[in-house]
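There are 2 protein chains.
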Amino acid sequence: VQLVASEGTRIRERYGVELEIAGVLVRDPVRERPGVDRRLITTCALDVLDADCDVIVELIGGVHTAGSFVRRAIARGRDVVTANKALLSACGRELFTMAERAGVALRFEASVCGAVPVVRALRHGLAGDSIESIAGILNGTCNYVLTRMEDGLDFATALSLAQANGFAEAEASLDVDGEDAAQKLRILADLAFDAPVRRAWVTGIRGISAEAIADARAAGCVIRLVAEARRVAGGIEMSVAPRLVPRSDPFARVVDEQNAVLIRGRASGELLLSGRGAGSLPTAAAVLSDVLECGDRSRHFATDRAAVGLGAEV
Amino acid sequence: VQLVASEGTRIRERYGVELEIAGVLVRDPVRERPGVDRRLITTCALDVLDADCDVIVELIGGVHTAGSFVRRAIARGRDVVTANKALLSACGRELFTMAERAGVALRFEASVCGAVPVVRALRHGLAGDSIESIAGILNGTCNYVLTRMEDGLDFATALSLAQANGFAEAEASLDVDGEDAAQKLRILADLAFDAPVRRAWVTGIRGISAEAIADARAAGCVIRLVAEARRVAGGIEMSVAPRLVPRSDPFARVVDEQNAVLIRGRASGELLLSGRGAGSLPTAAAVLSDVLECGDRSRHFATDRAAVGLGAEV
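So the sequences go chain by chain: A and B.
Counting from 1 along the first sequence, just add 1198 to a position and that's the residue number in this note's numbering.
Counting from 1 along the second sequence, just add 1198 to a position and that's the residue number in this note's numbering.
If you're looking for bench data, these hints aren't it; they were derived computationally from the structure.
If you're wondering where the values come from, they're calculated on a predicted model, not measured in any experiment.
Careful: at least some of the hints might be erroneous.
Quick look at which bits of chain B chain A covers, simulated, 3 or more residues with Cβ under 8 Å [to be verified]:
no., region
1, 1208-1218
2, 1323-1337
3, 1476-1484
Even glycine gets a Cβ: it sits at the ideal position worked out from N, Cα and C.
The whole structure should be built from the sequences, with the hints applied where relevant.
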């Protein structure tokens, strides 16, 4: 909502489209939401899903409720923009097939690495090349915790600091156990490879001690939670695990809540993309770029008012 | 040609399209071109421009002849993919307007930073954000020369080595005088900013001595040719100039013929993209991705044979 307001003039001049928010679905209607027109707020999903709008933006998270909303939006011919990695990781293929049959767009740049345009890079930028491997620091919470442990904090203190600074949820187990990184890796691997998963394993950072960090330092290394998918005989191997990374490695220089992805293409060589992987503004920028590309693709709101339905529990 | 052959099966399976090369325009028909069907080779431009094909790929370089070919292709309703930074830098706005009126695509990912998808990142990935600045190492030849000078070579020897290794043309003045980087910067700035250029200056690396490199090292720095465009009062300021860069800076780690671009968005924060900025295979991968996206956009060859006309003097 904030970006639609601040970027509205530029978007109108450049893309010839006036973005209008048609409705905002929330769980708690009482909470103060500065800048949001109260008349747009509703707790009834159908008010937004069945509103007269061009694009539905799903920022609810979770698999079941969000999934039923996305399916209804697609069935009603709406383009959908989502930042929901859990949903795409669980039933992405089904939803993409459904969207393709309905002739609508399903965009999800914000689901992996916030504003870092890695989804676009894999979908379009590297369409002409065969991808050999993808490796990334995909979870900002874990990277923040590991960086603070390099400053001498123990795991629990570093995690509390991450929570106090808003880089980690109160319930951080999806992050620190590696599941969040694994979901993002699955989304990237689906984009990059047309091959079955042969092996997959996920280890988080919960067991990492201050001693392990000190030992790594003594060896000229740091520890990073690296998610990697690569071609092996007969398919793909996927792993999320803490790794010893030499200080000269590009991943060693990814600090705090930053994210980075290294893509190796057969013809393109190595590409590194890095930036802020989380936070409300980078995520909003990625969502808004997706909304604008929906219009660009279908041209159905290229010269007119585009109404956006927004489902968000913030 | 090589990539269309090696990636053909994957492209058919994934995108449902069979790419076929309809003609190849060259200057020298006698030269050996392994893998190219001799019957496709012609020295007559109209054989390719007026062939029954969906996309024209322009890899000729230069402004005048290439420009007239691109205009004719657009006028005949063909999508165009080009890697020609000189052409776009000189008359990009005219060509984009012409392509838009004709309802065809004009794609140019390969014109800046080879396979690094920075054009896509600015066109689409950051469409929802206001760009504040772009800074990059955009010329691989200069970066290779500067990196070799750090090893103790003087400018002339480092340049000869670049030429011997195929990273620099025999006539390297466009590279070492900064004009190549300036052309690429103009293309990126056109994508990022809707504002007039207030100031612009270009300095190359020709005057840099072995002593300057040693002085930089003593100060904990390296020298990099940095191209930057940023918002100033009333417009944009563009510069290409050698800069002292601290060893901890991301640009200091860009070595040899690598390229890198740092984009600062108001909401997105800093994004870094880096990779191989030149070379035939990375360039070909970027061109082929653009060709595939032409089909994706217009869907006019989504289920069929797509014929590609190729103008290339290699």
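Right, here's what the structure says about each hint:
Under the rule that three or more residues need a Cβ within less than 8 Å of chain A, the assignment of the region 1208-1218 of chain B holds, with 5 such residues. For a cut-off of 8 Å, the count of residues in the region 1323-1337 of chain B with a CB near a CB of chain A stands at 6, and the three-residue condition holds. Counting residues of the region 1476-1484 of chain B whose beta-carbon sits less than 8 Å from any beta-carbon of chain A gives 6, enough to reach three: the coverage restraint holds.
Comparing the model with each earlier hint shows no violations; every hint is respected.
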